[in-house]
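**Student:** Please build the complete structure, drawing on both the sequences and the hints.
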Amino acid sequence: PAFIFLDLYEKVSLASKRRLIINENYRECTRVWQWFDERAVRWNNYPSIQNKQIDGAYANGEPACKIIIQRRNYLIQFSTMLQTNEDTHNKRPIMLTFVKLTPKTNSDRSTQVPPPPPPPTLSSVFSTSDTSDDRYRRRKSTGPIKTKKVEPMDTEQQQPQIDTTISVIESLA
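Position one of the sequence shown corresponds to residue 1 (UniProt numbering), numbered consecutively onward.
Don't take every hint at face value.
What the hints assert, rightly or not - List of simulated lysine to aspartate or glutamate pairs, EDC-like, C-alpha gap at most 20 Å:
#, residue 1, residue 2
1, 52, 62
2, 17, 62
3, 17, 7
Rather than coming from a laboratory, the hints here were simulated on the basis of the structure.
**Tutor:** Here it is as structure tokens:
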């Protein structure tokens, strides 16, 4: 029994350290929750209302959250990072991403925040055709690519921060 208690204490301590790192390093970022569509092989953003619900439950330390999207009931479980359809019991992975918003200035000197860009699909990432190279060249010539800051989750070994376009997947289990 003592070993189980120590193991549980260690897991809670590690989870707290990880949350602290995330909160410190991603203060200026917006948290965007996404679910994975196996058929389209891509990550999709939750609608803004449900994103706020999920993020609120996560921030309050709740183990799960119930949401409704288009009359379908879903259970979001943070320990497993899964979304479960309560009618069909179909499960899908979810993840938390951090989007750094850069305000743009309008002609009247007010600022507007652009919506977060859609995540890349796996088919475009793993494609070896010439069209993917053309898309990369066009994207490169149109302006800078938005980057997301990725932190290692191991709190024992601190490594230098890396800017990349990979989304952060967090699981505190």
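**Student:** All hints, please: hold or fail.
**Tutor:** Outcome of the hint check:
1. Note on residue 52 and residue 62: the hinted pairing holds, with a Cα-Cα distance of about 14 Å set against a maximum of 20 Å.
2. Taking the CA atoms of residue 17 and residue 62, the gap is near 17 Å; set against the 20 Å cutoff, the hint holds.
3. As the CA atoms of residue 17 and residue 7 are separated by approximately 15 Å, the hinted pair is consistent with the 20 Å bound.
Hint compliance for this structure: no hint is broken.
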